[in-house]
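Based on the provided sequences and hints, a complete structural model is requested.
Residue numbers (my numbering), protein chains in the order written: chain A, 1 to 114; chain B, 1 to 116.
Calculated from the structure, these hints are not laboratory results.
A quick note: this is a predicted structure, and the numbers were derived from the prediction, not measured.
Just to be clear, a hint being listed does not mean it is correct.
Unchecked claim - Here are the computed lysine to any residue pairs in the SDA-like style, where the Cα-Cα straight-line distance is at most 25 Å:
| no. | chain 1 | residue 1 | chain 2 | residue 2 |
| --- | --- | --- | --- | --- |
| 1 | A | 57 | B | 3 |
| 2 | A | 57 | B | 45 |
| 3 | B | 61 | A | 41 |
| 4 | B | 49 | A | 50 |
| 5 | B | 49 | A | 13 |
| 6 | A | 57 | B | 95 |
| 7 | A | 57 | A | 104 |
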Amino acid sequence: DTGVSQDPRHKITKRGQNVTFRCDPISEHNRLYWYRQTLGQGPEFLTYFQNEAQLEKSRLLSDRFSAERPKGSFSTLEIQRTEQGDSAMYLCASSPIQGAGVAFFGQGTRLTVV
Amino acid sequence: AQSVTQPDIHITVSEGASLELRCNYSYGATPYLFWYVQSPGQGLQLLLKYFSGDTLVQGIKGFEAEFKRSQSSFNLRKPSVHWSDAAEYFCAVGGNGYGNTGKLIFGQGTTLQVKP
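Shown next, in the form of structure tokens:
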């Protein structure tokens, strides 16, 4: 068990470009979460999956954001037409259903939009 | 509305001194409660959690927290701080019971600085 891994760790992109992040959860975990963390703030919930089903999306997740979890394994988060306000740390977490909210977090992807 | 408040944005303590980080929450019922720690550039590591039962919970690295229902608080404590404890600390709440999604609501965080 290597924990939750995220790729890339850092991404610098120009405004208007599309970016995609990947998250590999702990293998036996059914649930997968995406959070966004801006400087000086706590993480904010974006969306979550139970197996391959996306069950909840925050209003923070605008139409430019899309997340997938094909086959209930890894997940991707795509941001289209990036804006400077998208600059943040994107955190992925996973948990078993029985874990009652005990989420294990990856190290995050730091996105900088220039 | 559900929310978590960490009143202290930044705290500085001397190495060896005791520590208490405050956390207050607003939630419809008694939630699950968590403390996470984040070192610079890193993800979040779970320190401890409260689900039910004994209101004083022990965690890793010598941390403990006490749930006080009457005050809607879940303060984190450590009797003697080490320089390696310097980090950012987040209090979080999650749903309790059937239908719990595991989604967490985080506080703003408290940055701990440790003086030698």
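Okay, the hints, checked on the actual structure:
{"no.": "1", "hint": "A/57 - B/3", "in the structure": "18 Å, holds"}
{"no.": "2", "hint": "A/57 - B/45", "in the structure": "24 Å, holds"}
{"no.": "3", "hint": "B/61 - A/41", "in the structure": "24 Å, holds"}
{"no.": "4", "hint": "B/49 - A/50", "in the structure": "22 Å, holds"}
{"no.": "5", "hint": "B/49 - A/13", "in the structure": "37 Å, violated"}
{"no.": "6", "hint": "A/57 - B/95", "in the structure": "16 Å, holds"}
{"no.": "7", "hint": "A/57 - A/104", "in the structure": "19 Å, holds"}
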